[in-house]
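S.K.: Take a look at the letters that make up each chain.
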Amino acid sequence: MSIEVNHLTHTYNPGLAYETTAVDDVSFTVARGEFVCIVGHTGSGKSTLVQHLNGLLKPTSGTVVVDGVDVTGKDTAVIEVRKKIGMVFQYPEYQLFEETVYKDVAFGPTNLGLSEAEIDERVREAMALVDLDYDTFAQRSPFELSGGQKRRAAIAGVLAMRPSVLILDEPTAGLDPRSHDDVLDLVCGIRAQTGCTILLVSHNMEDVAGLADRVFVMNEGRLVRDGTPLEVFADGDYLRGIGLALPQARAFAERLAESGVSIDAKRILTREALVDAIAGVAGDTGGAGITGMGGDPS
Amino acid sequence: MNALLLPTGGRVVVGGYDTAEESFVWEIRRMAGMVFQNPDNQLVSAVVEDDVAFGPENLGLPREEIRARVKASLEAMGMYEHRKMAPHLLSGGQKQRVAIAGVVAMKPDIVIFDEPTAMLDPEGRGEVIGIAKQLHREGITVLLITHFMEETVDSDRVVILDGGRVAMDGAPAEVYRQTEAIRALGLRLPFAVEVAAALRARGLPLGEDILREDELLDGLGQCLLK
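The listed protein sequences correspond, in order, to chains A and B.
Whatever position you read off the first sequence (first residue = 1), add 15 for this note's numbering.
Whatever position you read off the second sequence (first residue = 1), add 1411 for this note's numbering.
All the pointers check out, no bait thrown in.
To list a few chain A residues with every Cβ distance to chain B over 10 Å, as calculated:
no., residue
1, Asn21
2, Glu34
3, Gly48
4, Thr91
5, Glu131
6, Glu140
7, Ala153
8, Asp184
9, Gly225
The calculated label-pair distances, taken between Cβ atoms and stated as ranges, are:
no., chain 1, residue 1, chain 2, residue 2, range
10, A, Gly204, B, Ala1612, 25 to 33 Å
11, B, Leu1596, A, Glu133, 37 to 45 Å
12, A, Gly162, B, Lys1482, 35 to 43 Å
13, A, Asp299, B, Ala1582, 31 to 39 Å
14, B, Gly1550, A, Asp252, 34 to 42 Å
Calculated directly from the structure, the hints in this document are not laboratory data.
Glycine included, C-beta positions come from ideal geometry on N, C-alpha and C.
Whole structure, please, built from the sequences with the hints as guidance.
M.R.: Below you can see the structure in the form of structure tokens.
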């Protein structure tokens, strides 16, 4: 399912003293199955932008076309859009409300008017996708779960709608490192199993560098960069100028290159790539006992 | 540690006061201030300076003294120019600075930060950590609870908790030497520690006490730029 955004503009409080244009003339197309990360300083318009994609906000001007359907049109049934586009908000566990995990995950499918058998199938499927064991968790209260488990239960509720686009707004905020990795593994697993398009809003450049096919950079409501992680992170000075950091491995590689070590910082985004590159240089310069990178010192 | 919770067994003594002793509670809370995770849940007033004045007012201090403390603590946090604003119009990092100003206005000996940066963007995180370090330089004891390992490398001491028990306790350089044990606890290593450990495993002669990027850069310079 494709998403086409054309000249999207959103102004909060138009005509009032607090008038602010949160999204300013943004256009892009996302193809089915792409993994797009959206980055930007706080207040750059990321969250406002993604809330247009499932019809939660209506644009001041411009259009959003999902799979050929203009979701911004007055006559478009929003329910059809919400079936296709699942949205996981920041701190989604605050939205858990039912007595049991089962009922919470079943809430969306139930509202679609599906049969009990179909609802049951979807709940089991969604819980499996987020790695919550059905027999252990289905009848538990969502409020008895750990932080990471709550978040997975909340994501299951979105997946039970079988969306073809999944939008996640900072899904790892506030999690400990292990739960952080679990949630990202989960997102990759969901994508591998369902083939759905992923849009992920993140402040974590390490995650963005490791996950995205494509990165959108937002600044002051505008889409200022659109490219692969290597392309977008190529311009470190620009990103720093708009309050964004480079992935730590890249920033460090640049410092190392400046200090005179001959590594190609432009190709490095992750810690693994950094370690490989440094080990390679060490091998080439004949450091004793370097293993792995094959640089024969002779 | 500020008597919000009391132990089922054992004792907690803060500055010589047993937290279980009810008559000490107010003195303990003045002495050990606390900054919480969510900046939106700890500001109580509609105006920044009123919020900061809330604690000192409850101490029953004279008006002039309250004014002076509010001014001094807002200035120290770089928020004095925002003193007339409504807290909800501030950024997350700014809100945390107001919350910290409220604690500082109590003239505490200890400040406990409970994941103060978890809900902030990288810029806000830098602001808050900078202030924690500033308070420490001024002689205040700082306890920082965090998931961000980078925030721990400049501390005097790192305590790792696991399942309600102390799993490790020592200087950062001692603790982070135990790379495998830390990974087994589900924690990450600080960037420079992790990269240095991976490179040592590949045969680079890097020292085991590397904690920060600058130290890694120096170490690599010595290995690679001979």
